[in-house]
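S.K.: Here the structure of chain A is known, so what remains is to put chain H in place on it, guided by the hints.
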Amino acid sequence: MFYREAGDFKVTYAEDSQTFPIAFDRYRYYIVLAFAVLVVPLLINDYWEKSILLPFLVYALIAIGLNILTGYCGQVSLGTGGFMAVGAYACYKLMTAYPDLNIFFCVLLSGAVTALVGVLFGLPSLRIKGFYLAVATLAAQFFIVWLLNKVPWFYNYSASGQITAPERTVFGIAVTGPEAEPWATYLFALFFVLIMAWIARNLTRGPLGRRWMAIRDMDIAAEIIGVNPLSAKLSAFAVSSFFIGVGGALFFAVWIGSAEVSEIFGIDKSFSVLFMIIIGGLGSIFGSFAGAAFLVLLPVALKNLFVGLMGWPPDIVAHLQFVIVGGLIIGFLILEPHGLAQLWRLAKEKLRLWPFPY
Amino acid sequence: MKRILTAAGLAAMLAAPAAADLVIPSMDYRTGPFAPNGIPFADGFHDYLEMLNQRDGGIGGVPIRVLPCETAYNTEKGVECYESTKGEGALVYHPLSTGITYQLIPKASADQIPVHSMGYGRTSAADGRTFEWIFNFPGTYWDAASIIVKHALEVEGSLEGKSITLVHLDAAYGREPIPTLEALSEKHGFDFKAIPVAYGQEQKSQWLQIRRERPDWVVMWGWGVMNQVAIQEAANIRYPMDRFVGVWWSGSENDVLPAGAGADGYKAITFHPPGSDAPLFGEIKEMVIDANNYAGDGTHFGSVLYNRGVYAAITVAEAIRAAQEMHGVGEITPAMMRDGLENVTIDAARWEALGWPGNPEINVSCEDHGGPGLAAIQQWSYDAKTWSLITEFIGADREIVDPLIAADAAAYAAENSLTPRACN
Numbered sequence: 001m002f003y004r005e006a007g008d009f010k011v012t013y014a015e016d017s018q019t020f021p022i023a024f025d026r027y028r029y030y031i032v033l034a035f036a037v038l039v040v041p042l043l044i045n046d047y048w049e050k051s052i053l054l055p056f057l058v059y060a061l062i063a064i065g066l067n068i069l070t071g072y073c074g075q076v077s078l079g080t081g082g083f084m085a086v087g088a089y090a091c092y093k094l095m096t097a098y099p100d101l102n103i104f105f106c107v108l109l110s111g112a113v114t115a116l117v118g119v120l121f122g123l124p125s126l127r128i129k130g131f132y133l134a135v136a137t138l139a140a141q142f143f144i145v146w147l148l149n150k151v152p153w154f155y156n157y158s159a160s161g162q163i164t165a166p167e168r169t170v171f172g173i174a175v176t177g178p179e180a181e182p183w184a185t186y187l188f189a190l191f192f193v194l195i196m197a198w199i200a201r202n203l204t205r206g207p208l209g210r211r212w213m214a215i216r217d218m219d220i221a222a223e224i225i226g227v228n229p230l231s232a233k234l235s236a237f238a239v240s241s242f243f244i245g246v247g248g249a250l251f252f253a254v255w256i257g258s259a260e261v262s263e264i265f266g267i268d269k270s271f272s273v274l275f276m277i278i279i280g281g282l283g284s285i286f287g288s289f290a291g292a293a294f295l296v297l298l299p300v301a302l303k304n305l306f307v308g309l310m311g312w313p314p315d316i317v318a319h320l321q322f323v324i325v326g327g328l329i330i331g332f333l334i335l336e337p338h339g340l341a342q343l344w345r346l347a348k349e350k351l352r353l354w355p356f357p358y
Numbered sequence: 001m002k003r004i005l006t007a008a009g010l011a012a013m014l015a016a017p018a019a020a021d022l023v024i025p026s027m028d029y030r031t032g033p034f035a036p037n038g039i040p041f042a043d044g045f046h047d048y049l050e051m052l053n054q055r056d057g058g059i060g061g062v063p064i065r066v067l068p069c070e071t072a073y074n075t076e077k078g079v080e081c082y083e084s085t086k087g088e089g090a091l092v093y094h095p096l097s098t099g100i101t102y103q104l105i106p107k108a109s110a111d112q113i114p115v116h117s118m119g120y121g122r123t124s125a126a127d128g129r130t131f132e133w134i135f136n137f138p139g140t141y142w143d144a145a146s147i148i149v150k151h152a153l154e155v156e157g158s159l160e161g162k163s164i165t166l167v168h169l170d171a172a173y174g175r176e177p178i179p180t181l182e183a184l185s186e187k188h189g190f191d192f193k194a195i196p197v198a199y200g201q202e203q204k205s206q207w208l209q210i211r212r213e214r215p216d217w218v219v220m221w222g223w224g225v226m227n228q229v230a231i232q233e234a235a236n237i238r239y240p241m242d243r244f245v246g247v248w249w250s251g252s253e254n255d256v257l258p259a260g261a262g263a264d265g266y267k268a269i270t271f272h273p274p275g276s277d278a279p280l281f282g283e284i285k286e287m288v289i290d291a292n293n294y295a296g297d298g299t300h301f302g303s304v305l306y307n308r309g310v311y312a313a314i315t316v317a318e319a320i321r322a323a324q325e326m327h328g329v330g331e332i333t334p335a336m337m338r339d340g341l342e343n344v345t346i347d348a349a350r351w352e353a354l355g356w357p358g359n360p361e362i363n364v365s366c367e368d369h370g371g372p373g374l375a376a377i378q379q380w381s382y383d384a385k386t387w388s389l390i391t392e393f394i395g396a397d398r399e400i401v402d403p404l405i406a407a408d409a410a411a412y413a414a415e416n417s418l419t420p421r422a423c424n
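Residue numbers (the working numbering), protein chains in the order written: chain A, 1 to 358; chain H, 1 to 424.
This is chain A alone, in the form it adopts within the complex (with noise of 0.2 angstroms):
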């Protein structure tokens, strides 16, 4: 009934092609938008800051990234944790070498070094791919753990080799360190988060995003209509990691604040980011924030529900989320193996037709 195109007359090109062709759909986005803009920054404190909002923001952006690669480009990979590693450090070298260089700069030049790290890791993918792709890509995540650990450089020598993000400013005001306003700190991510959201949504029903799905869906069917998988593949090794490698310097500078690689950046982080991209939905942005939301905010969901208000043991609901999220990914991935981007897609079609379905 309101859900619907009939009514909605598109005039331009533009008009039609636009990602939110329903009018109804274009609104709630943008209240969507404005919500989270204005709004959200007045209600925050620092729980929701730092146990929710921001763990969904920064993992909904690593999710966006490994979903370029993965999800559009078909090329399967276990190095997030490493890449995100990548980003990290580097925004913690920049940080302390240049100490008057805007936090601004410091997250985007991560995401550059990261995507050329990516873009290094990426050679093997245009010999193999598959399974023996992903083994390559586990070797970048130990690989990278393991150089920042023995090189003491890469955490300015301190005795422990924990590193710790020091105060930077916007426009005078603290986003990272200990004396950053919650609503600080999520407008900075929030910023980064939407644009290269929108972005990535755009790259991908581009021009180079149809190169990827080529790729994806027939890597040799590809290369005879003229695909080059050499600039598809390594393009979109280097985006991928670009964002990861941003998605890393926000979570360690903006997030946590204080990061030691192999206990924050291992292999257990590579998997997780892949879950969320498999139960959100290969192939799309909405799916990676989905995925992300489903697999940050859900524990902390049940944890305050059992524990905050039903008052059980700590140690029992620890275990009882492992079955509760175990369980819900087994059924997801049996009732809607494309994810909970396809239900929505569903939901959206549903909609459409409602209340006279046919």
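Think about it this way: if two alpha-carbon atoms lie no more than 25 angstroms apart in a straight line, the pair counts; the simulated DSS-like pairs of lysine-lysine are:
(1) H:Lys187 <-> H:Lys162
(2) A:Lys10 <-> A:Lys350
(3) A:Lys150 <-> H:Lys193
(4) H:Lys187 <-> H:Lys150
(5) H:Lys162 <-> H:Lys150
(6) H:Lys204 <-> A:Lys150
The set of hints was computed from the structure by calculation and includes no laboratory data.
M.R.: For chain H alone, kept in the frame of chain A given last:
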């Protein structure tokens, strides 16, 4: 997604009742890879405070409320735990993980809540002038390294030309003693070598190297499953166990039992006596264990790590007492708790009164948040299945340790453009 957000928010709001008691968050890890070590500690920590509630109705008449929060030794969950409990008036945090401690040092300092990383965390936090809100008494890793070397020196007579190898977890925690051992090797003339272990379970190549090089002493900085594997591997290569010394986190029953008779004679450093013969443990047994008020399953009573949890809880309780005396109020704030921690003194008479004689004295001051740094060496006996002390509680080599602490604290102050406060 929105529904989940709302549910989480609702729960977070409902879960915050007004604080009218002494709130002590307990960052446990009863799940995850380090759970076998985390469980006894968490049980001991809870059971002592529960005993105070049962016996005295709390401290100074104010009941204690322990807020358990599961971290699984995971830094991100640790952050969530900190943020979700700090609003309830948490008095002091025992993060029980070096990673989470590093995380909390800047944050808790900004929020003005004390953190007590008892015998772990950032060693230079012993410098109370730079780290106003962070405590790590009764001793630091650098104290431990120096005391282990002192023990070796006592056994050998001279360490000139001898060799000491450090087997350590390749993480922040395991790397902590390296600067001290390097400085000590220069002083005493022994060869020092560090062998990192990246993944706890896989240590074949490391112990092959030790078998080939036959160092005179092996020192270990391990945690969790790494300890058990290392002790088993050392037994396999027939390394003399009385020359193998672990840090205080590598010396519990969990670590030595799997290796069976092979572990007989293994040594570890400790800052409190082992065993549960002291009268205090009788009280805990009577009022908590036998009265079914215990945390966990009650089977870890009296083990090394359980005792360490009790020890941690005693430092909390004594600091609360000191704070209540200083400020003359029962319901103290985190800032008062900090004053309490800074002025806590537990001498031999007080330990006697607490019912756990034999512990070395604790005294903390504005300059020195690391306490006296006294520790003893304990040895495992396979036949008796007990640990027993084989040395007195001895002090660290201050002339080596103190300059290292000062240098690292100065580096932290410079990195964070912070001026150390004055102490008088």
